[in-house]
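**Student:** Listed below, chain by chain, are the residues.
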Amino acid sequence: MAGLTRTAGAFAVTPHKISVCILLQIYAPSAQMSLPFPFSSVAQHNRLGLYLLSLTKSCDDIFEPKLEELINQLREVGEEMDAWLTDHLTNRFSALASPDDLLNFFNDMRGILGSLDSGVVQDDQIILDPNSNLGMFVRRCILAFNLLSFEGVCHLFSSIEDYCKEAHSSSAQFDASNTNLESLTQYDQMDMENYAMDKATEEIEFQKSASGIVPFHLHTPESLFKATEGLLHTRKETSRTSKKDTEATPVARASSSTLEDTLVDETLFLRTNLQIQGFLMEQADAIETHGSSSSFSSSSIESFLEQLQNLAPELHRVHFLRYLNKLHSDDYFAALDNLLRYFDYSAGTEGFDLVPPSTGCSMYGRYEIALLCLGMMHFRFGHPNLALEVLTEAVRVSQQLSNDTCLAYTLAAMSNLLSEMGIASTTCVLGSSYSPVTSTASSLSVQQRVYILLKESLRRADSLKLRRLVASNHLAMAKFELMHVQRPLLSFGPKASTRHKTCPVSVCKEIRLGAHLISDFSSESSTMTIDGSLSSAWLKDLQKPWGPPVISQDSGSRKSSTFFQFCDHLVSIPGSVAQLIGASYLLRATSWELFGSAPMARMNTLVYATLFGDSSSSSDAELAYLKLIQHLALYKGYKDAFAALKIAEEKFLTVSKSKILLLKLQILHERALHCGNLQLAQRICNELGGLASTAMGVDMELKVEASLREARTLLAAKQYSQAANVAHSLFCTCHKFNLQIEKASVLLLLAEIHKKSGNAVLGLPYALASISFCQSFNLDLLKASATLTLAELWLGLGSNHAKRALDLLHGAFPMILGHGGLELRARAYIFEANCYLSDPSLSVSTDSDTVLDSLRQASDELQALEYHELAAEASYLMAMVYDKLGQLDEREEAASLFKMHIIALENPQGVEQNMA
Amino acid sequence: MVSKDSCRNEIRAAIRQLTDRCLYSAAKWAGEQLVGIEQDPSNFTPANTRFQRGSSSIRRRFSTNESISTPLPSIGFSQAATPLPEEDEAIDGDFYLLAKSYFDCREYRRASHVLRDQVSKKSVFLRYYALYLAGEKRKEEEMIELEGPLGKSDAINRELVSLERDLSALRRTGAIDSFGLYLYGVVLKEKGNESLARASLVESVNSYPWNWSAWSELQSLCTSIEILNSLNLNNHWMKEFFLGNAYQELRMHTESLAKYEYLQGIFSFSNYIQAQTAKAQYSLREFDQVEIMFEELLRNDPYRVEDMDLYSNVLYAKEACAALSYLAHKVFSTDKYRPESCCIIGNYYSLKGQHEKAVMYFRRALKLNKKYLSAWTLMGHEYVEMKNTPAAIDAYRRAVDINPCDYRAWYGLGQAYEMMGMPFYALHYFRKSIFFLPNDSRLWIAMAKCYQTEQLYMLEEAIKCYKRAVNCTDTEGIALNQLAKLHQKLGRNEEAAFYFEKDLERMDAEGLEGPNMFEALVFLATHFKTHKKFEEAEVYCTRLLDYSGPEKEKAKSLLRGIRMAQTGFPSMDLEHFPI
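Residue numbers (the UniProt record's numbering), protein chains in the order written: chain A, 1 to 916; chain B, 1 to 579.
Next up, chain A with everything else stripped away, as it sits in the complex (with noise of 0.2 Å):
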């Protein structure tokens, strides 16, 4: 039914709204003069039009406001004038005692308008645009009110009591605390009555003072004295009331708050259609900045939004947001049963503003949409292959619709999903879907499907103009590019590429063109904006201090000041924007992080968390936390990581899959291997593996990273063939679901179990392997490693392979140094006096510097690690030269050093207090 009867523009006179056409009335009166009476300035005058701008604009909330608050707003803009402003407004409430009254002042209110052939106007003459903003809301109340019927007009009016009684009520405390926050310190002291008087009089004589300064009041000094009087009486009838208000207080809140439960409902109005839309859009983006955090409660919206459905059934955007709500706080079942209700109701036709409405087939609806955020779903809670299924459906409605927009995104998606879950093969699932995009792709890897996916969703993007899927995609074809090989397509024939790398210069491209979207987006802000997140933002603005009360004639410097304020607002990127500029910032993070750059890394990162970090959703910024976290535990040591945990833990903690417990349980292990706690890396391990789900495919991040710890504990428990093992199954999964980079540092890995287990030779292939790897994919830090690892193979086949393990070594030295974290350094370091002292070339007593240096290098970078096995095998070596060189007391201290790590490595228990 909702589907013949759904209407664009909702605008119904409400309360509130004849407030702001009272308001408008004191603002453009229909008399000629250039400043109407209670302003004494133009500035002050301005004010109040930018306020009530900002009122008819304003979604801050899609309720209304109550008078009371109103009434505090106007506190705020109207300064001197506030009190007779208020004044004003409830008098001319109160002398609405009929509907007749409220006839006639809709035909007051004709009269602030000027003529629409305004040919002739005075300059002196303040006169509504009928076309401006404030004139078309004057123009739409008057048409709203004229179409009421006399039922309507009777609601209107028993409704305008209820809001001023509600105002009433609650006068009480707000007469005695909101009107002088300054004398609220004496106001036990004062008497109530002598103090409203001062009052008023001072505002009489401000006033005569003001009209002093404006002449143009003087020709009406009667209207003006009358209204002094009249200010003067009322202030002594509130005062007195509010006094006796105040005394009673307790008793009256006891009845009126039963009273107000019953009332609540129907004083509350929604605002126009419009600023709803706009109100809701920016729930959504909130619940996607904060997540299920615990500064956003998602059952406080939760009820908000039941509440907005009972006010207004037919908005079905509800739905939708509270599907989000539910899929940010994991609740499945809800989410889906919202997801599909918002589409039973809407069709997929309301609320997707991307989508020009003017493409035809509203008819039919546009209920691939509803495939798409269903499939979106699914993937989101983890179910691969039910999103899979519902993408492609997704693709097939799509294109029987010919909705390429829907396509584009579809296929976006779909890429995405095929790059994050680990699917070993398609044709399982796609095989029975039949699908043009997807059958040509039939017989390619998993990769190549990706690819062609982002190749069409971009072609289809760009061509739509749609500039933030362009830009997404761009960022997701940079991220292909880094993890992926670029093969060919169709890799026979004589000119078939047998290259195998990826190319950093077109990931950075990739990213580059992601980022274009800034620049993009300027040029078509105005069509992007929503209306209502910008004109809130400005009432926001309004309620700020505005600076001293004074106003000064010269206010130049503050005007110029809100002016900015509002050009930034103005020209303020939508959150979407910003969070896809933000990503494009941790993509170039990590591409740095994988390329071996520590530095670019950090950078790009502290660039995002200090930029985007407002704009961004909960999931991004704790990604951006947890790189920082990780670089300080690399390159600072587990103390200062402890620390920053511990801030990222109060904040993110919260959010559904969270990956800061992940972070922390990665730290624990790896500090735990290093003061030789082995039972306690075990553990942690375990918990790892607890983290993941069980279910196929899915968190592969994850369970590689289990797999790989373990492998680490065994080897470092010297359960070698153990290790060997799990690597290597470890290695065989990697290799399923074509994890390119995690299969180099698992090669790395065995090698490094071969080294440990000393049997360098069957290392060296293995290590070998790895830097092939790391070559092809450019990974340089890992690289670097490997050949450290190499070179120590080297080693480890006899002394006589010093020469050339001093070689490798030194080839990664630069890298090492530059990039590496500190236990990379300190290896690098004790390697090379290892290889120093075991060439028989080297005298230590005439080139000690050389050896001793670098173990004092790596011992110092050791400190922070609390790397027991490493710093007792410096402090050896160390206690050997000095032995050969005769220098005793070193001798003696560097021993001792040793005997130190040596019994904190066999006694990890003392340690292990101050980690849990």
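In short, the hints are calculated from the structure, not lab data.
Check each hint, because a few of them may be wrong.
[What the hints assert, rightly or not] Here are the simulated lysine to aspartate or glutamate pairs, DMTMM-like style, with alpha carbons at most 25 Å apart: (1) A:K165 <-> B:E164; (2) B:K189 <-> A:E302; (3) A:K66 <-> B:D301.
Remember, predicted model here, so these are calculated numbers, not experimental data.
Take the given structure of chain A and dock chain B to it, following the hints.
**Tutor:** Structure of chain B alone, referenced to chain A:
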């Protein structure tokens, strides 16, 4: 033990009391039950016989309770005899009389004003009741006046607050009677305080069980069997009525039928019981029986509109155009502004294929009652016929949101999405619908078809669904045939043969013939031949010979092949040679 006489006396007194308190619909209901009891032989006058139905022969046909005329044997539990409350004043006050006449003229506010200072319980109740109704009336009006563009219709009964306050005060002081408790329950229910409302209503019906309105309010608050079982109700024959109704709403049709059967022993001529029985039978899809019951009902009570929409559904299902038009005409002339009437007319137009008009009448029905569930669903069906899927989906969704157990609407949603080529999306809705009615083969078949679509082609799942359909006694015989075909398609000839045989059995039992039969025979003949079970193959071939057409030729060539194989000729596929 309930005797008819005691029932009769109780009801007679109750009607008077209910009418005094202007609880008219409860009085009406009680009156119906009163004449539903077999007439007293003492005042058995010829004038009464007109109301006494002589056509109990039809009922006997369906009734298992053959001893209608004998007094009811004692039932397992002892009925607590609830004494009729004494009226607190012998003579009604003048103000009360005035107020009642105002009330009867529907001037509720005036009536309650007249009673403002009265203290007798009857007057107090009437005052609050009138106030409540005044608020309700205003609410209805406001609902229309306040209808906003976003559908805002939060009109509330403005008297509820004061009513709740006063009634709870009365209850605290104990000055409330069972009628007051009923009103208090209603008020609480509207305020959303369901558990308290339930408690109040239970208290009310326990002290005064003859108020059917209280029972039906209580029933609407029993949304699950757990809630129903947790109620602490005194035993009384009215409780049986309540349970029958409640079971029906909870889709426990057989239990409900049992209750009604028992009640029919006393109230053998009650229209209400007959209509309720018909409703339950309708849910069990016994259309023929339901039709007869409704026919009889209409004969006895020709101006009845209640429940007639159900009758029209039956007529629709049986495609009885003439009867449906007759019914529509009759209810239209009785009361055209009843949602049921509009629904019947909508059904008629739908049967005639005039879907726009049908939609118009369903729309009118919904205007009269926004929560009229079946009208939403039926409107959805119409939109599906008109190929306006978004509107259909909207209508179905509204039905589902009013009552999430409405399996028809869920099914409709699934169908609509399947029509749009979104079978995977539709599956969710089919699943929902099956969840509420797991024993309906039609739903399983629909789901299986969904799996079978070329987009999904998930045959294994389809097979599972068809198997469920077979277990639910699929009357149309689609499932067996499909199962056989699917197995054949998947190359599982053994299973295919099994299901073809079963299908054949079914068709034989029902005396059906058709292409399915040929198909089954041909498959079975070839199947058994390839497996060298020549005797069986021959049986099927000879059956095929009874029919003309290409199948006969096929059968002949098959037979020839069998002979050759049997006589030990080198196996030559003679079928390929045209003879």
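**Student:** Compare the structure with each hint and give your call.
**Tutor:** We went through each hint and held it up to the structure:
no.	hint	in the structure
1	A:K165 <-> B:E164	holds (23 Å)
2	B:K189 <-> A:E302	holds (23 Å)
3	A:K66 <-> B:D301	violated (57 Å)
Checked against the numbered hints above, the structure violates only hint 3.
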